[in-house]
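Could you put the whole structure together from the sequences, leaning on the hints where they help?
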Amino acid sequence: MVKGKNKASNKINYSNTVSINNLSHFYGRNENKKQVLNNVNLSIQKSELVLLKGPSGCGKTTLLTLIGALRTCQSGNLTVLNNQLNGASRKTRQKLRRSIGMIFQGHNLLRCLTAEQNVQMGSDLIKGLTYLQRREIARNWLSAVGLEEHYKKLPSDLSGGQKQRVAIARALSANPKLLLADEPTSALDSVTGREIVTLLRKLAKEQRCSVFMVTHDPRISDMADRILNMEDGKIFSTHSELV
Amino acid sequence: MNFSFLKFRKIPLAWLLLTRQPLRLIVAIAGISFAGILMFMQLGFRDGLFDTSVTIHKLLDADLVLISPRSKSSISMSGFPKRRLIQTLALDEVEKTAPVNLNYLLWRNPENLKTRSILALGFNPSDSLLLNDGFSRKAYSLNNPGRVLFDKLSRPEFGPIEEWFLSGQKIETEVAGKRVIVAGLVELGPSFGADGNLITSRETFLRLFPANPRGSIEIGLVKLRKGSNPEFVSKILNNSLPNDVRVLTKNQFIEFEKNYWKNSTAIGFIFSLGALMGFVVGCVVVYQILYSDVTDHLPEYATLLAMGYKLNSLFFVVAREGFLLALFGYLPAYFSGQILYSIIRQSTRLPIIMDADKTILIFILVLIMCMGSAGIAMRKLVDADPAEIF
Numbered sequence: 034m035v036k037g038k039n040k041a042s043n044k045i046n047y048s049n050t051v052s053i054n055n056l057s058h059f060y061g062r063n064e065n066k067k068q069v070l071n072n073v074n075l076s077i078q079k080s081e082l083v084l085l086k087g088p089s090g091c092g093k094t095t096l097l098t099l100i101g102a103l104r105t106c107q108s109g110n111l112t113v114l115n116n117q118l119n120g121a122s123r124k125t126r127q128k129l130r131r132s133i134g135m136i137f138q139g140h141n142l143l144r145c146l147t148a149e150q151n152v153q154m155g156s157d158l159i160k161g162l163t164y165l166q167r168r169e170i171a172r173n174w175l176s177a178v179g180l181e182e183h184y185k186k187l188p189s190d191l192s193g194g195q196k197q198r199v200a201i202a203r204a205l206s207a208n209p210k211l212l213l214a215d216e217p218t219s220a221l222d223s224v225t226g227r228e229i230v231t232l233l234r235k236l237a238k239e240q241r242c243s244v245f246m247v248t249h250d251p252r253i254s255d256m257a258d259r260i261l262n263m264e265d266g267k268i269f270s271t272h273s274e275l276v
Numbered sequence: 147m148n149f150s151f152l153k154f155r156k157i158p159l160a161w162l163l164l165t166r167q168p169l170r171l172i173v174a175i176a177g178i179s180f181a182g183i184l185m186f187m188q189l190g191f192r193d194g195l196f197d198t199s200v201t202i203h204k205l206l207d208a209d210l211v212l213i214s215p216r217s218k219s220s221i222s223m224s225g226f227p228k229r230r231l232i233q234t235l236a237l238d239e240v241e242k243t244a245p246v247n248l249n250y251l252l253w254r255n256p257e258n259l260k261t262r263s264i265l266a267l268g269f270n271p272s273d274s275l276l277l278n279d280g281f282s283r284k285a286y287s288l289n290n291p292g293r294v295l296f297d298k299l300s301r302p303e304f305g306p307i308e309e310w311f312l313s314g315q316k317i318e319t320e321v322a323g324k325r326v327i328v329a330g331l332v333e334l335g336p337s338f339g340a341d342g343n344l345i346t347s348r349e350t351f352l353r354l355f356p357a358n359p360r361g362s363i364e365i366g367l368v369k370l371r372k373g374s375n376p377e378f379v380s381k382i383l384n385n386s387l388p389n390d391v392r393v394l395t396k397n398q399f400i401e402f403e404k405n406y407w408k409n410s411t412a413i414g415f416i417f418s419l420g421a422l423m424g425f426v427v428g429c430v431v432v433y434q435i436l437y438s439d440v441t442d443h444l445p446e447y448a449t450l451l452a453m454g455y456k457l458n459s460l461f462f463v464v465a466r467e468g469f470l471l472a473l474f475g476y477l478p479a480y481f482s483g484q485i486l487y488s489i490i491r492q493s494t495r496l497p498i499i500m501d502a503d504k505t506i507l508i509f510i511l512v513l514i515m516c517m518g519s520a521g522i523a524m525r526k527l528v529d530a531d532p533a534e535i536f
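Sequence lines, in order, name chains A and B.
Quick note on numbering: the first sequence equals residues 34 to 276 in my numbering.
Quick note on numbering: the second sequence equals residues 147 to 536 in my numbering.
Since the hints were made in silico from the structure, they are not lab data.
Take these hints with a grain of salt, some might be off.
[To be verified] Cut-off 25 Å, straight-line C-alpha distance, at most; resulting in silico cross-link-like pairs (DSS-like, lysine-lysine):
1) Lys156/B <-> Lys124/A
2) Lys160/A <-> Lys156/B
3) Lys369/B <-> Lys228/B
4) Lys185/A <-> Lys156/B
5) Lys156/B <-> Lys128/A
6) Lys124/A <-> Lys456/B
7) Lys456/B <-> Lys128/A
8) Lys526/B <-> Lys128/A
9) Lys124/A <-> Lys526/B
10) Lys156/B <-> Lys186/A
Written out as structure tokens, the structure reads:
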């Protein structure tokens, strides 16, 4: 596989992937103000695969978007890939996002692009590579998620599970140092789901990429390094070495 | 040729976004083309009408033209002393001159005997008046008194002169109440000021219009020696001749006439307004297409922002869509314009042509239309919130 160097990533010292101290977050204003995260403390180490579980509305996705530098941090400290996100500019957050792979529950593929082109939109973010090298990266990742026969298909011609695998390949194609995933296996059958998580785990170990995954899928719990539970905006228990 | 840039090309996202829905793309192209055609037609009519006012001006065989400073246009020419034209021969650069009388006289239709105003030009048949091939041979016949050359492109109200002449019939009629014989046909074309034209000798002209002093002319044509600079010579002459005459280059004389019609009539305003309407229609069409395109793809744009793409790079995608629409919309408009111009030329004899100025101007207008609309549609992109896609 062709591997490109992400310049933005090279500047960062990845000793501690994510560090969160007393992170709180609110939606709304005045009497409509609602706290969704309440003094969350968390750290994710290199190569760790961490699962986050919790009921709907407990703040999992908000935490994911804050770590993914998609929202501005309101209160507490949040450091991702050695970037302090409190008061970080839009440009800093945009640059940081290039080092973070994101897998969305609703795959969000570009409908006008083929599977290969969708994945290449990820590898296009790697600087210094030619078109053919970026395409090769895309094809390799599509093969890795079992879609080597479907390069040229549009999302409308793929099943829900196949679309999700394309989205996973896209997230991985940019050589991320941190992978954030929101229910990545929900649309996959158990075998494929485990294959994908195995792939993510392998990536985490081999490329020292941390994986933070929101999931309700019990079929993959045994593959995590850590499982966190969240309720009412708090991470109330941590099970290390659960399995 | 170096094609190394192709090695680092990106996925043509703008193109793929546009072509994903072919029907919408066709509607967009049709809308832009319609706006383009509208602009081509309006500006074509405007320029065509202005060009008709200078049909004769363009045909004059001269590098410099002398007129009276009191002249406003071909429909309002004043006389100046003929000796001013002779004085120009003092310059080495001047090769020859030709005095021309010009006025509106009443032509009697030989068929129904009704009279109508016609533009009459009087010159010495031995001089060179027009650039037309074969004109000097026809002009020779004007040496006989009472002979005129009739403009066969004149409006039909002057009578079936061409038809009768070609059938070999002798055409006798009256101009300003005096008998004339049509000795030949020329091709000049009607203009704003004149529905028809005739050319005759100065002698005949002065006989038809005896009120005109013999020593007074309306136009003085000056032909310069090869290699002379008309602008430079006109400056010298303007400085050296008295103030009762004004020296223009041929192009300045053409502009002098056009400016009169531009500034003294609403034609320019009306047709420019028509072109503006086309521009506005095009803006609305392109904006609607691009706005709905951006809205439709907003979650996808948000995904790209979440992946680390810059907002500016997404702006460029929309801008490229605008550029592609401009290109695809302009080409059909250009070719349709060519066809329509040809039809109009044949049916109305209006000199409506697709010149480089118009071609470039309308492409720039279409480009501004599409890029401007894309710029407004880009504001919607700011609504793409990557945090909302999780």
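Evaluated hints:
no., hint, result
1, Lys156/B <-> Lys124/A, "22 Å, holds"
2, Lys160/A <-> Lys156/B, "12 Å, holds"
3, Lys369/B <-> Lys228/B, "16 Å, holds"
4, Lys185/A <-> Lys156/B, "17 Å, holds"
5, Lys156/B <-> Lys128/A, "19 Å, holds"
6, Lys124/A <-> Lys456/B, "8 Å, holds"
7, Lys456/B <-> Lys128/A, "9 Å, holds"
8, Lys526/B <-> Lys128/A, "22 Å, holds"
9, Lys124/A <-> Lys526/B, "20 Å, holds"
10, Lys156/B <-> Lys186/A, "19 Å, holds"
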